[in-house]
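Asks: One-letter residues, chain by chain:
There are 2 protein chains.
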Amino acid sequence: MPNIHAPPPDLDRMFLALADPSRRAVLERLAEGPASVGELARPFSMALPSLMQHLRMLEGCGLIRTEKVGRVRTCRLEPHAMDAASEWIARQRAVWEARFDRLDAYLQILKNEEEQKP
Amino acid sequence: MPNIHAPPPDLDRMFLALADPSRRAVLERLAEGPASVGELARPFSMALPSLMQHLRMLEGCGLIRTEKVGRVRTCRLEPHAMDAASEWIARQRAVWEARFDRLDAYLQILKNEEEQKP
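Heads up: the protein sequence lines correspond to chains A and B, in order. Residue numbers for the first sequence follow the numbering used here, beginning at 1 and rising by one. Residue numbers for the second sequence follow the numbering used here, beginning at 1 and rising by one.
Any given hint could be a false lead.
Identical chains blur together in the list; that is why a pair holds if it fits in one copy or across any two.
[Stated by the list, open to error] Cut-off 25 Å, straight-line C-alpha distance, at most; resulting in silico cross-link-like pairs (SDA-like, lysine to any residue):
id: 1; residue 1: Lys111; residue 2: Phe100
id: 2; residue 1: Lys68; residue 2: Phe100
id: 3; residue 1: Lys68; residue 2: Glu39
id: 4; residue 1: Lys111; residue 2: Glu32
id: 5; residue 1: Lys68; residue 2: Trp96
Please keep in mind that the hints were generated in silico from the structure rather than gathered at the bench. Being a predicted model, the structure only gives us computed values, none of them experimental.
Required output: the full structure, derived from the provided sequences and hints.
Replies: And the structure:
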């Protein structure tokens, strides 16, 4: 039975994860395909403990998935995990635009009333 | 002359600003229309200094604009300021999807080759 009470996506942790250029660079790299931790470390010239901390944060909020086979840990993007963040932004824009549509409609009514005056 | 060297939008500060439920609630309220600081403070039952700090952060990264007339400071959403954040997310998804399209095309080639075998 599907869990209909799934917790809402944790926007706090997701936006916080996206607020760091190294973490965004990791996500940009993983959008091109899976990579091992070693492959990720190379271009960033970042100390491995720092990188691991970033990866743990990205995995903790569901933005990436990692899997260890033997000695190699492979990281993959969870592309739909970011949907919650972009949907939140899109929703605010929709509310904003609906407000302007209502304002437009109201101005049109005022204009029509003005034109109908003798 | 337009500034062609405009600094890139500060995604770090923008995502950090979005990583707090009170700040997102302020943005959600402002999507419905401008509000004074007093109007914003009421539903959030938040101490004014905390609210002011959130507002300064939102204004600092360009997500809102505030204007003081007399004793009243009015806050407004800058709806297009969030575009940079949603565009960054959309770009990662596009890279990801292009990768799957290439994979699909490659699998189709393999399938066609397989079918053409005697």
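Asks: Would you list, in rising numerical order, the hints stated earlier that this structure does not obey?
Replies: none
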